[in-house]
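Q: Mind docking chains B, C and D on chain A? Use the hints.
Residue-level listing of the chains:
Protein chains: 4
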Amino acid sequence: MSKNKIGIIIGTNRNLAFSEQIAAYYQKQLEEKDFETEKINLKDLPADFAFTALYENAGKNPEFQKFQTVLDTLDKIIFIVPEYNGSYPGVVKTWIDGLRHPDSLSYKKIALVGLSSGMLGNAVGLSHLSDVLSYLNANVLGLRIKLGNISQHFSEGKFTNETYRQFVDKQIKLFIDF
Amino acid sequence: MSKNKIGIIIGTNRNLAFSEQIAAYYQKQLEEKDFETEKINLKDLPADFAFTALYENAGKNPEFQKFQTVLDTLDKIIFIVPEYNGSYPGVVKTWIDGLRHPDSLSYKKIALVGLSSGMLGNAVGLSHLSDVLSYLNANVLGLRIKLGNISQHFSEGKFTNETYRQFVDKQIKLFIDF
Amino acid sequence: MSKNKIGIIIGTNRNLAFSEQIAAYYQKQLEEKDFETEKINLKDLPADFAFTALYENAGKNPEFQKFQTVLDTLDKIIFIVPEYNGSYPGVVKTWIDGLRHPDSLSYKKIALVGLSSGMLGNAVGLSHLSDVLSYLNANVLGLRIKLGNISQHFSEGKFTNETYRQFVDKQIKLFIDF
Amino acid sequence: MSKNKIGIIIGTNRNLAFSEQIAAYYQKQLEEKDFETEKINLKDLPADFAFTALYENAGKNPEFQKFQTVLDTLDKIIFIVPEYNGSYPGVVKTWIDGLRHPDSLSYKKIALVGLSSGMLGNAVGLSHLSDVLSYLNANVLGLRIKLGNISQHFSEGKFTNETYRQFVDKQIKLFIDF
Numbered sequence: 001m002s003k004n005k006i007g008i009i010i011g012t013n014r015n016l017a018f019s020e021q022i023a024a025y026y027q028k029q030l031e032e033k034d035f036e037t038e039k040i041n042l043k044d045l046p047a048d049f050a051f052t053a054l055y056e057n058a059g060k061n062p063e064f065q066k067f068q069t070v071l072d073t074l075d076k077i078i079f080i081v082p083e084y085n086g087s088y089p090g091v092v093k094t095w096i097d098g099l100r101h102p103d104s105l106s107y108k109k110i111a112l113v114g115l116s117s118g119m120l121g122n123a124v125g126l127s128h129l130s131d132v133l134s135y136l137n138a139n140v141l142g143l144r145i146k147l148g149n150i151s152q153h154f155s156e157g158k159f160t161n162e163t164y165r166q167f168v169d170k171q172i173k174l175f176i177d178f
Numbered sequence: 179m180s181k182n183k184i185g186i187i188i189g190t191n192r193n194l195a196f197s198e199q200i201a202a203y204y205q206k207q208l209e210e211k212d213f214e215t216e217k218i219n220l221k222d223l224p225a226d227f228a229f230t231a232l233y234e235n236a237g238k239n240p241e242f243q244k245f246q247t248v249l250d251t252l253d254k255i256i257f258i259v260p261e262y263n264g265s266y267p268g269v270v271k272t273w274i275d276g277l278r279h280p281d282s283l284s285y286k287k288i289a290l291v292g293l294s295s296g297m298l299g300n301a302v303g304l305s306h307l308s309d310v311l312s313y314l315n316a317n318v319l320g321l322r323i324k325l326g327n328i329s330q331h332f333s334e335g336k337f338t339n340e341t342y343r344q345f346v347d348k349q350i351k352l353f354i355d356f
Numbered sequence: 357m358s359k360n361k362i363g364i365i366i367g368t369n370r371n372l373a374f375s376e377q378i379a380a381y382y383q384k385q386l387e388e389k390d391f392e393t394e395k396i397n398l399k400d401l402p403a404d405f406a407f408t409a410l411y412e413n414a415g416k417n418p419e420f421q422k423f424q425t426v427l428d429t430l431d432k433i434i435f436i437v438p439e440y441n442g443s444y445p446g447v448v449k450t451w452i453d454g455l456r457h458p459d460s461l462s463y464k465k466i467a468l469v470g471l472s473s474g475m476l477g478n479a480v481g482l483s484h485l486s487d488v489l490s491y492l493n494a495n496v497l498g499l500r501i502k503l504g505n506i507s508q509h510f511s512e513g514k515f516t517n518e519t520y521r522q523f524v525d526k527q528i529k530l531f532i533d534f
Numbered sequence: 535m536s537k538n539k540i541g542i543i544i545g546t547n548r549n550l551a552f553s554e555q556i557a558a559y560y561q562k563q564l565e566e567k568d569f570e571t572e573k574i575n576l577k578d579l580p581a582d583f584a585f586t587a588l589y590e591n592a593g594k595n596p597e598f599q600k601f602q603t604v605l606d607t608l609d610k611i612i613f614i615v616p617e618y619n620g621s622y623p624g625v626v627k628t629w630i631d632g633l634r635h636p637d638s639l640s641y642k643k644i645a646l647v648g649l650s651s652g653m654l655g656n657a658v659g660l661s662h663l664s665d666v667l668s669y670l671n672a673n674v675l676g677l678r679i680k681l682g683n684i685s686q687h688f689s690e691g692k693f694t695n696e697t698y699r700q701f702v703d704k705q706i707k708l709f710i711d712f
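Residue numbers (my numbering), protein chains in the order written: chain A, 1 to 178; chain B, 179 to 356; chain C, 357 to 534; chain D, 535 to 712.
Because the hints were derived from the structure by calculation, they are not lab data.
We put the beta carbon where it would ideally sit given N, CA and C, even for glycine.
Errors might be hidden in some of the hints.
One side only, chain D facing chain C, incomplete, derived with CB under 10 Å [as the list claims (entries may be wrong)]:
(1) Glu590
(2) Ile630
(3) Gly632
(4) Val658
(5) Ser668
Facing chain A, from chain B, some residues (calculated, C-beta under 8 Å) [claimed, not checked]:
(6) Glu234
(7) Gly268
(8) His306
For reference, chain A alone in the conformation it holds in the complex:
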């Protein structure tokens, strides 16, 4: 695992998700600081993975295993997580439920970024996801970013809300040193 490589998970399988734009922003910031990045986009999961990659089928779906292989090369990961129904997308948890148990996320360092069209910026969903990651012995950076009303504050690849930009910048700096 390279200390200079940081994974970015796009935490939804929705097409054209806003999360992709936020992921691209983080990627650009990290590459400007000479970090290598690796994107994991959950929309690339095999469509039937909830049935063909979990439980008695754990480890048997080659397309799903590609995600495991990439994950295993990562020491630090940023989760970009939209708010669906007041929490994080089910597909994120289903993906975690399909990973090799129990060590796939152990001791990995994780940063959380929530976004929403409403005000909350997935604050509650990041709490839920933090519990799951903690249960799996991952270490989650304290500073969770909550990007509420995202469509009003991000445009053409940039934050138009200076407070958001500064919080994201601060999180990236803290995460690099985490």
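A: Relative to the frame of chain A, chains B, C and D by itself:
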């Protein structure tokens, strides 16, 4: 919606899940009290529903829509929810993410039952699920049942742990009056 | 317990709290609908209650017991809860920790209202408080109100934000029927 | 701040709390590894601190300020937190609400230990507390220890449950390297 019909959701798509046995127990208790029950087993979902029944495909997967149709007949629902990775299964949330938005669970009355092979009985997962259901304007019964170390306390269709049996019995009584 | 009496808890002991204004708003709305209200203001607690009304001193502080006596007359309670340090005030939980155990809140019907100077409207704190109330067998109304950026949206006893006004109105209607 | 000093917070103001015994255990383990420890026992707080050390009185109670002074010398802190009413004690949050805002816990490294007479080991309360600490930019170690049924598994200063002993030992090792 019949006041005498109660839905029971088996909150996993795993084959031969312990949750099915607990669901059968609740069903039996309810039927002895002259309630009709309707089981919803998430293992019957179409395998690719996370991609074919969500977002731009919402409402378009006929097999998924059968779940919606049944759900729409229910006023009261018991969720039987195993603990996976310290929370409730991703497939439960993905199923919710595919339901007609935003009213599919509004004002429904819901009881939560967690189970786990470990000690916690999915206490944390029931907290997470309660947040999601609350966000969707469902009303969740206060008494959440947490069945830790389940394989030691349930056998041949019955609770061998008297405390568990009494808590479940109490929850059913409260839920009928809820 | 009168069906036409609703308690309102001001969930902080801060002087001149914004929560008092929100409580007054709820009180006015309820009284216009011919409900009697009973305010419980945690700033009236005895200053040393965390030590003189808990544990071996449970039940022994007469000033604290007045709160218990009022609480025991209430069937329905609205908690107005500001966000402090990302959750609900410690004084609310300490007050609960001092109540007669374990039945003080059992089966009571509760509505939650969060407020904050920031964006979140105490969304995470209401999740935490809901867990505690649920643990104590209270039934919490699904619709939790989250009043973010409150000082911009409430003035001279009224909501200046129409969405907030409508949500509060809806919650009150649902709570009356709960 | 010495890298070889670790704080231990006894997260209750109850007399003769079991948490004190667990804190003594952690202290002994750390001292055997040549770490200096500093205990913060919330039962030593001034009895009226919820009123005399918060809000307009923040920073003005000299007895409370002694806690602030000690806290400011600590880089790493272990919170020992009993389960009261399904979460962590209100006094812990009230103490946090009285600390100098907003940097008192920023960037501190924190480990969480829950204990309970029931099965859950304060799992839900540690989730709540983790949210608060994260909000304040503290970094919480992923591995949270949940000591359910504690009185059956700890006696005369030692864990009689080998699994508990090993988990605590693992947490201490991870925390030293955190």
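Q: Hint by hint, say whether it matches the structure.
A: Evaluated hints:
{"no.": "1", "hint": "Glu590", "in the structure": "holds (7 Å)"}
{"no.": "2", "hint": "Ile630", "in the structure": "holds (6 Å)"}
{"no.": "3", "hint": "Gly632", "in the structure": "holds (8 Å)"}
{"no.": "4", "hint": "Val658", "in the structure": "holds (6 Å)"}
{"no.": "5", "hint": "Ser668", "in the structure": "holds (8 Å)"}
{"no.": "6", "hint": "Glu234", "in the structure": "holds (7 Å)"}
{"no.": "7", "hint": "Gly268", "in the structure": "holds (3 Å)"}
{"no.": "8", "hint": "His306", "in the structure": "holds (4 Å)"}
Of the numbered hints listed earlier, not one is contradicted by the structure.
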